[in-house]
Structures are given as C-alpha cells and as structure tokens.
Amino acid sequence: MDHLEAIKQTFFQECEEQLAELESGLLAIENGNHDPEIINAVFRAVHSIKGGAAAFGYDELVEFVHVFETTLDLLRSEQLKPTPAVTKVLLHSSDVLSDLIHSVRNETPTDSQKVASAKAGLEAVCGEQQGAAPASRGAAAPPEESEEIDFKPISISLDDIFGADEEVEDRARRFSIFFRPKPTLYARANEAIRIIREIKALGETEISCDLTDLPLLTELDAEGAYFAWTISLQTEAEASEIEQIFEFVAADCDYTIEEQRVPFDEEPEAAPPTQPLSDDIAQVMPPASDFTAAPPPPPPTEPPPPGGKPPASEPSPASAPHQPTQETIRVDLDKIDRLVNLVGELVINQAVLSQRVSEAGLPRGSSVMIGLEELEQLTRDIQDSVMAIRAQPVKPIFQRMSRIVREVAAITKKAVRLVVDGEGTEVDKTVIERLTDPLTHMVRNAVDHGIESPEERIASGKPEEGTLRLSAMHRSGRIIIEVTDDGAGINRARVREIAIRKGLIPENAVLSDEETDGLIFLPGFSTNTTASSISGRGVGMDVVKRAIQALGGRISISSRQGSGSTFSMSLPLTLAVLDGMVVNVAGQILVLPLTAVIETLQPRTGNIHSLGSGVRVIGNRSSFIPLIDVGMILSYRFQEIDPTTQVALLVESESGEKCALLVDAIQGQRQVVIKSLESNYGKVPGIAAATILGDGRVALIVDVDAVLSLSRGDYHMSEAAMEAF
Amino acid sequence: MTKKILTVDDSKTMRQMLEVALTSAGFEVVQAGDGVEGLETLENTTPDVIVTDINMPRMDGFGFIEGVRTNERHRAIPILVLTTESDAEKKERARRAGATGWIVKPFDPAKLVSAIKRVSA
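Chains C and E, in that order, give the protein sequences. Note that full-length UniProt numbering has the first sequence beginning at 1, numbered continuously upward. Note that full-length UniProt numbering has the second sequence beginning at 1, numbered continuously upward.
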C-alpha cells in the first residue's frame, strides 16, 4: 500500500510540529505560565504522537510516549504540580522523544539507555505524585500501564458474521433476545432497527413487537421510546457475537440474551406469536388485534418535527465563539521556488515593457501608460505576496536553541535561562534553514564561554542563573538576530595575546576594542586552552562569520567586560532578491552584493603604490589594501587604465580579506532578482549569478570572493600586502 | 448512494489514515481539524456518519458532539468516537455527550468500516 509511505511522511512531519508545540508549551510552563490551555496543548501533542506511532506499530516509541502521556495527564488533572524539578524532567523527556522519533524515522538504532533513564525519570515523577496523593486515582501506577500499553486492535470481520446464516445445521442454536430501547438510545442517534437488522443478519429470526407501553396519541412524546422486541434467533453465532451488537447501546436499553437448547426442527410452532419485521419502519406497525389504544401513533423513530420544543434545540453555546482559523496547506518547496522564479520573470518583464513603452514616446497620461502603472503596482504586490509565502517565523529554530542551551548547560554544569524575543518574526525559509548552524554555534559558545559558572557568578555578585537572550526583529528590510549573554564579556587582553601568539596581528598593533573583539572571527584564531568538547569561543567563529556572509549577512559583536556580550547578525529577508550596487565596467553593467561593499574610495595619485611585480595597493587609514581592476580580472579589457579616473570599492570577502575593486563608475543601489547563471548557461569564473535589468539587458553579479582568488592567481599577492590588514 | 463521512481529528496523520481507509471502502470523506471546524463544516454539508477524535484544540470531541446533538438539523447523525480502549471513563463521557458508538485506537480500518456500517442506516 503506497498510501502508507505517504501517511508515514505526514506522521513524521506532524511529529516535528507536535514536538515544537510540546517544547514551546513546556518552556512556557517552565517560565511560570500554567494556563490549562497550554498544558492541554502539551498533552495533546504527546497524545497525537502516540496515536500515530501506535498505528504504525512503533512499539518502542509508543511505550515511551505512553509514560510521557501518563505524566502529562497527571499534570493536566492537577494531580502533579509543574515544579521546576518536574518541568526539567518533562523537558528532558521531550528531547529524548525528539531523538527517538528521529531514530525511528531514519531507522537508526535508538539510545535505549537514554530512553530508559528518561522513562524512569517520568515514572519517578508520577510515583512521587502517587505518594503525595494516594487517595487520588492511581492511574499512573505501572501495573495498569502495562496492561494499557498492550492494547491491540480487535478487528471484527462483518463478512464472517454475515456469512453465518448460510448453513444452519446441528450447530445452530436458538437465542431469545429481549430488547427495549430507552429514549436516550434514539437521542444518541442509534436506531432500534439497526440493532434488529444486525441480529437478523446472524441467522433466521422471528420477531415480535411489544406495544403495551404505547400511550394514546395525545399523550405521545415524539422523543419517547415505546416499543420493545422479542427476537427469536436461530444461529451458529456465539452469544458474545450477539452481545457485541449491543456494544454501543448497552447503556441505553434493557436487553437480555438467553440461549435456548431446543432441537432445531421442533421450534417453529413453539415460538411466540410474531410479526415479521421488515426494514421499512412503517411495517413495524403491529396488527390491530395487538392494540390496546385506538389510533395508530406516529412511529417513534421518526425524527421530530423541525423547530420542535425541546430545550435541546437551542443553538449550542459551544459553537458560538467562532475564532478565526488559520488554515494551512502543505506545498512542495519546488512549487514555490517555481512561483518565485516566475514572479522574478514577471518583475523583469514588467520593467522591460515599461522601458519599451516610454521609448515609444507615448504621452504620460495615455491609457497605455496608465495601464502600465497599474500593472506595475500589481506586479509589486504579487512579488511581495509570493515572497511572503516562503517567509516563516523564526520560532522553530529558536526553539531548537532552547534544547542546545539545556544540553550545554547540563554538560558545563551551569544554570542558564533562555529568554526569547520576537520569535514570530518572519524570514525566508532558505534563510532560516541556513541560519541553524551558525546560530547553534553561537548559542553553544555563549553558554560554554560567555556565561560563567554559578560559583563565579555568585562571586561577582550576579544571580546564579545566567541569562541568554535570543531576539529577532525586522529593521529596514533586514532581519536582525541577536544572541546576548550576561556573562563575563570578552577578555580583550586575552584575545589580543592569543592573536599575537598566533601571528594574526603584529605585537605592536594598535587596535580599538571593537577591532580586538573582531579578532575572534579571524580564521586560525582559537582560545584553544579553554575550549571544551562543546565549543570554544573563537573555534569556528570564522566559520560562523562565513556562513552569515554567505547568506548576505553581517555579524558584529559588542561586549562589556563583566556584563556580557551581544552577537548581532543582520540578514536579508530572502535570498531570491539581492541588494546590489550597480556599476559600470568597460561598458558593461555589473552588480556587486551590497553586503560585501564596505566603502567607496576615490583613488588619488598619492595613495596608490606599486609593489614588486605590478601589484598595486591603495592606502587607506594606515593600511594598504590590494587594488584589483575588475575590468582586467573579468577580461573586459587588457590594458590598465588610470585608477584616478576610476572609483575604488572597498570590499570584504567571506574570509575577512579586504581589497579594493576598481570600477569605472557607480550607477547606484538597486534590488535585483537573482537568476542562476550556472543552471541557465554555465559557470563563469568571478561571476556568482545574473540579473536582468529594466532595459532587458542581462547584468552579471560579481562573486567578490572568486574575484579575489582570481586576482591572487594572477598577481601572487605578497604576504606583506596580505598582512597589512 | 455513496455515504458521506465527516471525520474530525486534529492530527493530520490520523486524518490521512481515515481518508485512505474510508475512501477505499467506498465512502465519501469530508474532514475537519477540530470541533469548531467540524461544526462549521456541518453548516454546509450533511454527512451520514461523523467520526470524531476527543483530544483536540479549540473544541474537543465532547463539545463537538454536544454541538451536533443540540443542532436540530444534525442531531440524528450517528457519531462515532475515536478512543483508546482503556478510556472507559472517556467512552462514558462521550456517550453522555451523545455519541452513538466508538472506535478503538490504534486505528484498524476493518473495525472502523464495520462500526460505520453498524451505525449508518
């Protein structure tokens, strides 16, 4: 059944959502929010996972979830208090559950020891509660659990039952069944006739209807139940099968099932006077002789007339508060990517059209121009909406961080509280995905190195528990994500010492505080001596920086000795559009990612120097930066031109290398839609992608890193020039 | 005539399973994600049988069943509750709210179909 795979996929996707729900709920509970709705949601999440896991036969998962659910049920029924100790166990269990689901999904072995210890933790919590309140229902007690876990679907095959009346031989038995429905049976939408039909299906029946309770029509309550039946059944079926028919109505009727040991061929006459029953309700009406009351009443099974009097017919109060629902659908990312792409085309096409129309010299107020303006507005709206489809709140990734904090805090024996701000802030899905690794790294660092041990904190007059703040906000078309700890701050003397030892800066370098902090982003910088197995501030911070820059983002630090550090990332909201600086080079138009550009310089004769084999550098604030002619590197021209007639753009590569790119002129800044050059044409050295300009021309987007490495290949930049930074 | 079944469950996995099981048994399936949505769905459609979960956000199964039973138009629709076998207490509560019958979880398509056949005319 290929449906099964699809449902499994849904199940695991849903598990992810449930886990997120579970974790955010537990965190809220941990933070003192004991709203029953939150506790309910947490319970539901676990309950849902259990339902699916059971359906797929993931026994180990079911077993663990079951214990978890039992604990949460106690919490829900307020038999268990959400004390910090309890929430800690629950949070840990949610981590273990997440691992367990991962293992099941990827069919990798589970860490059964971890699962067992989490389970024991949960059981201990339940046990404590039991000890504390022995009078309350001991539902959490293990004995019942084991029974409960064992639940198996019992499948009834109706075919077997229906097939039973084929051969009525010596094995045939006779049952006398008495059945008197109560009004509640009808009120719950059960029907006597269905019960009778099911009994009929078991074998040969003779049915008589008892109408003695039927009142006069004037006294008749349409919602009442006045009939009773005696059914004589000849069948091969067991009494339990008949019993099963009454499963749903047992409490809403009086019934008896008696087996009569009567030989098969003697019975027909012995049976009580009966009235054959047909499926047609009208025919249930008894013969006149059976009547004790004169006029035939309406059949009781008839639905009551609309607009009837019972108070029950008032609109349900439960349905009254209709909260608006946020309905969602799941869409393949591919489809959205295609849509984004198409909208990009549309934007470009619209710009091309605009330009053509204005070139055609049509007057401003002409209907074509007006139509075009409307189209432009519409295009912009579509673009915004399509981009918004891919936008997702940063909540899931922030939630993942809470787990990282817990884990690292546990390993390093620190007390850390995570405070999250702006988790609803939305950003493009691709950005979110690629943000996980750098953010994880930074959060680990902050807990491991930023926040001090409880003893140190107490010694310096701080609360024992450290605080890590994770925040996200939108600021002028970008998203700012900050990781702030209230730890010791960056030890600048130490950073400097390490940088000198590693040869990253000369011994006599004069650096501002910011520049010193920035040293930790340099490749090769590492505070190795203090680095633990988890992280090292410095270890891999260059990797973090590169990852952020690859996203078109920037990262900066601010730190105060003794009171903590803030790492701030500024990222674009989407990767489909780029903030570009549009420049002219040898008659071509090129686009440079704005994030790479630090400043623009006007080269003057005095500050350009040639070093050795034709390498030129430009002096900029006490350092010399290599000067690269973009036109030459990209082979637009083969003759250097006078740099003083050009503009230099000071750029920084992902690895932090700086250089100045010479271009002919700057046209301005513009958002451009990124078009892959590689998939449409092929890889071009030094070029990252392409875009299409308003006049329909293709402009290439420069890959700053590639240009730098190209230039190195050409010029063999001297070590001296490199270290000038 | 094809019977129409309304399923009310907040779990997508469960909804998908119900849909596959019921459509392959020849039923027409309408779905809702919680009690509120279930009642909204009933404004435009009249199913032959309703299958509902108990634990749901916004409005749980009990509230939903009561909502159906107090609605003049739909009070006669059989409602089956999806429940775990051990929940005798919940079964009773659901019954009191007006449930017609129940289906035991974990999910077994044969049992589901038989239960539906049992309560539908």
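Some hints here could point you the wrong way.
One side only, chain C facing chain E, incomplete, derived with CB under 8 Å [unchecked claim]:
1) 41
2) 47
3) 51
4) 52
5) 188
6) 189
7) 190
8) 198
9) 248
Among the chain E residues that face chain C by a calculated CB cut under 7 Å, a handful are [to be verified]:
10) 13
11) 78
12) 88
13) 90
14) 103
If you're looking for bench data, these hints aren't it; they were derived computationally from the structure. Owing to the predicted nature of the structure, the values given are computational and were not obtained by experimental measurement. Where a beta carbon is used, it is the ideal one built from N, C-alpha and C, also for glycine.
Okay, the hints, checked on the actual structure:
no.	hint	result
1	41	holds, 6 Å
2	47	holds, 5 Å
3	51	holds, 6 Å
4	52	holds, 4 Å
5	188	holds, 5 Å
6	189	holds, 4 Å
7	190	holds, 5 Å
8	198	holds, 7 Å
9	248	holds, 4 Å
10	13	holds, 4 Å
11	78	holds, 4 Å
12	88	violated, 11 Å
13	90	violated, 11 Å
14	103	violated, 10 Å
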